[in-house]
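Trainee: As given, the protein sequences belong to chains A and B, one line each in that order.
Just so we're aligned, residue 1 is where the first sequence starts under the numbering used here, counting upward by one.
Just so we're aligned, residue 298 is where the second sequence starts under the numbering used here, counting upward by one.
Nothing false has been slipped in among the hints.
The list that follows gives simulated cross-link-like pairs (lysine-lysine, DSBU-like), each with its CA atoms no further than 35 Å apart:
{"no.": "1", "chain 1": "A", "residue 1": "Lys-118", "chain 2": "B", "residue 2": "Lys-546"}
{"no.": "2", "chain 1": "B", "residue 1": "Lys-303", "chain 2": "B", "residue 2": "Lys-640"}
{"no.": "3", "chain 1": "A", "residue 1": "Lys-160", "chain 2": "A", "residue 2": "Lys-184"}
{"no.": "4", "chain 1": "A", "residue 1": "Lys-184", "chain 2": "A", "residue 2": "Lys-161"}
{"no.": "5", "chain 1": "B", "residue 1": "Lys-460", "chain 2": "A", "residue 2": "Lys-118"}
{"no.": "6", "chain 1": "B", "residue 1": "Lys-460", "chain 2": "B", "residue 2": "Lys-546"}
Chain B regions said to be covered by chain A (calculated; three or more residues, Cβ under 8 Å):
{"no.": "7", "stretch": "428–440"}
{"no.": "8", "stretch": "544–556"}
FYI, nobody ran anything at the bench for these hints, they're computed from the structure.
Bear in mind the structure is a predicted one, so any value in this text is a computation, not a measurement.
Each residue gets a CB set at the ideal place from its N, CA and C atoms; glycine is no exception.
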Amino acid sequence: MELMLQQFINAVSLGSIYALVALGVAIVFSILRLANFAHGELMTVAGYTLYATLLAGVHWFLAALAAIAASVIAALLLERLAYRRLRSANPLTLLITSFAVSVALQSLFLLFFGARPKGIELPAFVDAGFRIGQLRVQWLDVFIIVITGLIVLSLHLFLKKTVIGLALRSAADDFRTTRLMGIKANAVVVGAFMLSGALAGIAALFYFATVPNVVPSSGFEPMLKGFIACVIGGLGSLPAAVVGGFLLAFLEVGSDAILSNSLSPYLDAIVFGIAIILLRWRPGGLFGVRMTEDLRV
Amino acid sequence: MAMSQKWWLRALIGSAQILVLVSLLVAAVSLLGSSTDQRILTVFLINLIAAIGLQIYTGTSGIISFGHVGFMALGAYGSALFTADPAIKAMGIPNAPDFILTSAMGFLPAMLIGVGVAAMVAAVIGRVFVRLGGSAAAVATLGFMVMVFTVLSNAEEWTRGAKAFSGIPAYTTMGWCMGAFAVILVIARLLRESDTGLGLRSSRDDAIAAQASGVDVVNSRYVMWVASAACSAVAGALYAHYIGAILPKAFHFELTFLVVTMVIVGGQSITGAIVGTLLITILAEALRRLENGFSLGSFSLSEAPGLTTAVLALLIVFTLTMRPQGLVGRWELDDLTARWLAKRRPAANGTALPFEKDRERNPAA
Chain A
1 MELMLQQFIN AVSLGSIYAL VALGVAIVFS ILRLANFAHG ELMTVAGYTL YATLLAGVHW
61 FLAALAAIAA SVIAALLLER LAYRRLRSAN PLTLLITSFA VSVALQSLFL LFFGARPKGI
121 ELPAFVDAGF RIGQLRVQWL DVFIIVITGL IVLSLHLFLK KTVIGLALRS AADDFRTTRL
181 MGIKANAVVV GAFMLSGALA GIAALFYFAT VPNVVPSSGF EPMLKGFIAC VIGGLGSLPA
241 AVVGGFLLAF LEVGSDAILS NSLSPYLDAI VFGIAIILLR WRPGGLFGVR MTEDLRV
Chain B
298 MAMSQKWWLR ALIGSAQILV LVSLLVAAVS LLGSSTDQRI LTVFLINLIA AIGLQIYTGT
358 SGIISFGHVG FMALGAYGSA LFTADPAIKA MGIPNAPDFI LTSAMGFLPA MLIGVGVAAM
418 VAAVIGRVFV RLGGSAAAVA TLGFMVMVFT VLSNAEEWTR GAKAFSGIPA YTTMGWCMGA
478 FAVILVIARL LRESDTGLGL RSSRDDAIAA QASGVDVVNS RYVMWVASAA CSAVAGALYA
538 HYIGAILPKA FHFELTFLVV TMVIVGGQSI TGAIVGTLLI TILAEALRRL ENGFSLGSFS
598 LSEAPGLTTA VLALLIVFTL TMRPQGLVGR WELDDLTARW LAKRRPAANG TALPFEKDRE
658 RNPAA
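Using the sequences plus the hints, can you model the full thing?
Mentor: Put into structure tokens, the structure is as follows:
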């Protein structure tokens with residue numbers, strides 16, 4: 001029973017990270033139909049910022065803020081330098097461009113920081129925990145889950161209750177008509193990338209708190225998980241991204257618990273395999289999002 | 298005019314034209330080039346096969362796959378396991394099943410085993426992937442690539458896991474590469490010009506209209522998917538027997554990026570894949586030489602491992618912003634030569650310049 005509960009907390013905590021990544025990916029995709037593979041590199045930027053600031057002895061709270069700011073700035077730079085010129089290009093070109101941007105950024109990290117892992121000096125409270133009977137709960141997990149809940153809630157309120165949120169939602173539905181209503185296209189896109197960057201930054205904080213070292217390719221794994229979560233849920237829908245993220249985490253933790261030790265190294269392969277089987281029955285994702293131009297047949 | 302030819306004749310003429318050009322290149326480098334040049338040429342031919350393999354699917358369906366490097370890995374390991382010296386295998390992978398430990402096959406049968414394994418895996422998972430399009434397909438196939446990578450890195454009894462599997466006989470010669478290239482080029486063009494390929498190519502412009510005209514989009518994609526996986530596996534096998542030692546990390550993100558880029562930068566035709574591969578190979582080689590050749594003050598570029606890839610990636614972004622449909626668009630070499638001939642002899646050929654206007658009207662096609 002305790003073990004089950006323990007695993008449950010692990011899954012929710014992991015799912016929170018995946019959901020944040022998936023949300024960041026989905027916000028940009030919903031508006032631009034751009035699968036931003038460089039989203040993982042935004043997380044790596046936050047990771048290196050965290051490493052550098054903590055090494056310099058900055059207070060952890062300021063370091064966290066700096067990390068989020070760094071990934072927001074990186075997201076805005078990407079939009080301005082790489083994606084803006086291609087906004088009307090066909091989806092395949094956009095896809096390859098984001099892939100190339102991701103590879104270029106990884107190479108730049110390699111150039112500046114080298115291939116060796118940089119250990120992040122986490123503050124001591126990350127390891128602290130408390131007990132309920134036999135159950136040992138880490139404060140970090142509680143923290144991740146609560147913050148993620150707050151973020152999802154405030155994002156929901158932001159999108160439903162503010163004018164900017166309305167503009168973002170209508171742009172996701174029909175960008176052209178939204179522009180005809182007098183909404184500036186650049187404002188919407190910049191807003192989406194800011195949100196996406198902030199979500200990447202926060203997800204990176206949580207991710208690097210659990211895996212405390214950063215290498216040039218650090219962002220690849222969470223990015224891929226976030227994307228798979230989006231695809232399982234239904235690419236382009238924000239609630240689907242959150243549900244997909246939690247589903248993927250439960251699949252992962254559940255398979256890990258059930259599998260024998262000899263199979264556990266294959267965890268990623270097995271989880272992706274299950275995801276692919278799910279797609280066999282629901283090619284548009286579990287929520288069966290409306291088939292857009294590039295998704296039909 | 299081109300349409301009046303039989304489809305298979307058109308495919309063969311097109312393949313022949315490309316083969317002549319590539320043979321001239323190979324002959325020139327073999328006669329005049331240094332041994333470094335010949336090494337580059339061999340790698341170029343292997344990459345060419347990988348790019349054509351991917352183009353069989355992407356060029357006809359308009360759907361990108363990031364998973365074909367996974368098929369290359371299957372081809373490489375499949376072929377390597379059955380050809381390596383039993384004495385080496387007894388040390389490296391003593392716990393592998395007997396039929397692997399004892400086998401010491403020739404190149405062709407072993408390669409066919411690798412290709413068969415890849416085709417079988419493609420046939421099993423293909424039903425899922427052919428239903429996905431656009432970004433969903435990209436993500437799911439990337440997931441497949443990581444699946445293959447995870448399995449190969451952990452199946453230590455078979456592959457030595459993340460460690461290099463070495464002692465693979467160096468069978469890959471220029472002759473093998475040219476032979477495989479010729480076969481795969483002809484297969485690729487035949488598939489492309491066949492009714493299945495034509496129908497599928499029409500679906501990339503408008504899937505619903507194509508279906509309404511009787512094109513079975515899902516099944517056509519499936520045929521192309523399995524064929525392209527098999528051709529990618531050939532490239533993997535050639536690579537393994539050229540390098541002599543393979544590890545799962547070689548078939549990961551970077552190679553995926555390279556192959557996909559070759560295909561996208563070149564355009565949507567088989568000719569496009571070849572042009573893209575040529576361009577990327579030349580760029581990568583030039584950058585590598587530059588990297589070795591100079592230093593900026595105290596900042597020595599030879600100690601800059603990521604630079605080549607970074608510059609390559611930026612050049613690709615630049616190329617795509619300038620020419621989003623790829624360098625040659627959807628034209629094949631024989632389309633272009635036919636147009637050139639028609640231009641030269643407009644009087645002799647009543648219906649000249651068939652697609653000049655078409656291109657202006659539809660630059661994204």
